[in-house]
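*Asks:* Those protein sequence lines, which keep their order, are chains A and B.
Counting from 1, one number per residue, gives the positions in the first sequence under the numbering used here.
Counting from 1, one number per residue, gives the positions in the second sequence under the numbering used here.
Just so you know, the hints here were simulated from the structure itself, not pulled from any lab data.
This one's a predicted model, so the numbers in the text were calculated from it and none came from an experiment.
In this text, a Cβ means the ideal position worked out from N, Cα and C, and glycines have one as well.
A hint or two may mislead.
Straight line, CA to CA, 25 Å or less: simulated DSS-like cross-link-like pairs of lysine-lysine [as the list claims (entries may be wrong)]:
#1 A:K39 / B:K255
#2 B:K36 / B:K190
#3 B:K13 / B:K36
#4 B:K13 / B:K190
#5 A:K123 / B:K264
#6 B:K264 / A:K254
#7 B:K255 / A:K254
#8 B:K264 / A:K314
Interface residues of chain A toward chain B, partial, derived using beta-carbon atoms under 10 Å [stated by the list, open to error]:
#9 V47
#10 V52
#11 V72
#12 L75
#13 H81
#14 P83
#15 L114
#16 V121
#17 H124
#18 G180
#19 P207
#20 L215
#21 A311
#22 G313
#23 G317
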Amino acid sequence: MTTNSPSEKRLEELREQAWKDGVVPGKGVDVAGGPIPRKPGYYGQAVVKPPVWTWQVPLYFFFGGIAGMSAVIALAAVLFHHPDLARATMWVSTVAGAVLSPILLVMDLGRPHLFLNMLRVFKHRSAMSMGAWILSAFGACVVPGLIALELRVQQFFPGALDQLVGVVAGIFIFGSAIFGTLLATYTGVLIGATAIPAWFLHRTLLPIHFGTAGLGSAAGLLELLGHRIPALNFVGFYVAGVETALLIWLSVNKHGAADRAIHEHGTGWLIRVGEVLTGPLALVLRFFSFIPFAAISFLLGALISRVGWIAVGKVSGSDPESVFAAERY
Amino acid sequence: MIGQGIQSTNQRKHSYVQDRVEVGFFTDPSVCIGCKACEVACKEWNHVPDDGFIWSGNSYDNTGHLGASTWRHVMFLEQDRQKGNQVTGPMGLDAQSEDPFRWVFLSDVCKHCEEAGCLEACPTGSIVRTEVGSVLVQNDVCNGCGYCVVSCPFGVIDRRPEPLHDAGGAFKCTFCYDRQKSGLVPACAKVCPTESIVFGRLDDLRSRANERVQHLKQSGYSDAQLYDPTETSVRGIHAFFLILGEPEAYGLPLKPQIPTIYLKSAWTSAFATALASIVATLAAFAFFS
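Just chain A, same shape as in the assembly (with noise of 0.2 Å):
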C-alpha cells in the first residue's frame, strides 16, 4: 500500500488526532478488499491434507516398477529361455524390489524402527497395508527365485537335484511375476484411493501409467545393460504406445479447478514433461531404431512423472477450491 492512498492519509489524520486529543470519536480505516478477508474455504487454509510424504516415496514408486515387472520380464525369458537375459532381469528385480524398495519404504516412516507393525494386521481395504504385503510377498519369492537360477545356470547340483533345482527356480519365479505386477500397479490404487483430489479423480488412469511406466522402465533398464533383442523392444513400442494414449487421456478428461495441479504451475509441467518422455518422444526415438535413447527418455520420464504426481498431491491437497470443485465429480 503506498502512503499516499486514502486510508493511510486517513489513518495519520487519525494518529495527529488521537496525540492531540487523546480520543478519536470518528471511524476506522476501511481497508481494501476489508474488513472480509476474500479468500476461498477458510481464510484459503487446506481442507484436506496434503501427503507428508517426502524424496523417498516417487523413487520408491520408481524402483518398485522396475523390480515388479522386471519380474515379468525374467518369467517371459526363462518361458522362451533367455538364460542370460533370466539372470539379468532376477538381479535388477531382486536388487531394485528385495534391497532398495524396502529401505526406501522404511526411510519414508515417521518411526523406522517400527517399520515391522506394517505386519501386525492383513486389511485389504487399505491399499498401503496391501502394499506391505505384496512387498514382503514379493520379496519372499524374488530373493529365493534369483538364489535357485544362479544355482541352475552354474550347475551346482548334479543330476535329478538340478533337475529340482530349475523347478523350483520356476515357481519362485512365477510367484514373483505374479506379485511383480502388483507391485508396479498398486502404488497407483495407493494415491488413486484418497481424499486428495487431483489424485483421486484419476484413480482409473493412476494404475495403468504406473504399471506401464514401470514395464517401460524394467524394459529400458535391461536394453540399457546390453539385452537388446526384439522381444524387450516390442515391449518398448507397447509401453510407449499406452503411455501416448494416457497423455491424450489426461488431456482431455479435465476437471476444471478440482485437478488444475495437474495442468498448471509446475507440477503441472513435470506431469506434461513425464508423459511426453515416456510417450510420444520413446515411441518416436524408437520407430527411428534409436533405442538407447528411448530407453533412456522412457526412464527418466517415469522418474518425472513419479516425483511429479507426488508433488501434484502437495499442490491439490493445500488447494481449498480443488475440494470444493471435486464434490461435483
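Put chain B on the given structure of chain A with help from the hints.
*Replies:* Structure of chain B alone, referenced to chain A:
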C-alpha cells in the same frame, strides 16, 4: 444442557465406556465466545506440544488449523452478514453505511466419522474404534507411514514433525478416551464456559441439536443449519456442528467421502494393467524370439 449447571452432561460423571453407549460432541457457534479454553484444556490434559506461534492475520485465529499438535481449533469467521436480529453499527469510512457484519466462532475438532478414512487406511492397526464409537490412534503402535493423513476427508490427522516430542507418529483428538474410561468428560467440553461444546449421548445430542436449530431459526438466524453429513459415505460423524451459513466458509467439505469408495475402480484398473503387462510381455517373447 444450558442452564442445568452441574447437572449438565458436561459436568456429570458417566459410565458410557462401560455401558458401550455411543457418545458425541455437539459444537454450537451461536453461543461460542471464542475464548479458546477448549484449545488450552486439550493441550494441557493431553500433553500436546507447543508447535510454534505465528500471527496469522486471520481475525483472532492464530492457531491455524487442526493437526498433529492442534486437536481443538477455534475458528474466527468475519462475515458481511446479519447475525440473527443483531443490529450492527457503521464500519466503513462513509458515515451512511450500515454494513451487516457478524463474527462467528466455532471450535473445530476431529469428527470421529462413522466410516473413518484414517481407520480404514491405517496399515498397522494403530487406529481403532473405541466402545463409545470414537476413533483412537494408539501412539505406541503407529509407525508414521502417513497414509491416514491423505485419507481423512476433513484434513484432521497429521504426522507430528521434529523436534516435538513423540515426533514421527500420527496424532489427532483422542476424544479424551483416557478420561472417558474413568467416567470423566473430555477436557474441552468440561471447560467450555458457555456449553458451546456439549458432550453426551449421540442420540440425545442429535435431538438437542435439532431443537437448537429450530430455536435459532425462530430467533432470526435464518441460515442456521446442522453439519452432520449422514448422506455421504462417511455415514455421519460423532462430533457434529451447528453452523451459520455454508460449510465451505468453515473449511468443511459439503460431501465428505471416505476414500475406500474409490478402491473398486482403482483395483480394477490395477488388475487390468497387471494382466495386460503379462500378456504383452509374453506375446513379445512369443513372436519376437
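*Asks:* Would you mind marking each hint as holding or not holding in the structure?
*Replies:* Results for each hint:
1. A:K39 / B:K255: Roughly 20 Å between the alpha carbons, so the hint for K39 of chain A and K255 of chain B holds.
2. B:K36 / B:K190: Holds, because 13 Å separates the two Cα atoms, which is no more than 25 Å.
3. B:K13 / B:K36: It holds: about 24 Å lies between the C-alpha atoms, which stays within 25 Å.
4. B:K13 / B:K190: holds (11 Å)
5. A:K123 / B:K264: Roughly 15 Å between the alpha carbons, so the hint for K123 of chain A and K264 of chain B holds.
6. B:K264 / A:K254: holds (22 Å)
7. B:K255 / A:K254: holds (21 Å)
8. B:K264 / A:K314: holds (24 Å)
9. V47: With a minimum Cβ separation of about 5 Å from chain B (threshold 10 Å), the hint on V47 of chain A holds.
10. V52: holds (4 Å)
11. V72: Status holds, d = 5 Å.
12. L75: With a closest approach of 8 Å, the L75 of chain A hint holds.
13. H81: This interface hint holds because 8 Å falls under the 10 Å limit.
14. P83: Not OK, violated: P83 of chain A not within 10 Å of chain B, min 13 Å.
15. L114: holds (4 Å)
16. V121: holds (4 Å)
17. H124: Because about 9 Å separates H124 of chain A from the closest Cβ in chain B, which is inside the 10 Å limit, the hint holds.
18. G180: Because about 9 Å separates G180 of chain A from the closest Cβ in chain B, which is inside the 10 Å limit, the hint holds.
19. P207: Holds - the Cβ of P207 of chain A comes within 10 Å of chain B, reaching about 4 Å at its closest.
20. L215: Check passed: Cβ of L215 of chain A comes within 5 Å of chain B, closer than 10 Å.
21. A311: violated (14 Å)
22. G313: Holds: closest Cβ of chain B sits about 7 Å from G313 of chain A, inside 10 Å.
23. G317: Given a least distance of 7 Å, the restraint on G317 of chain A holds.
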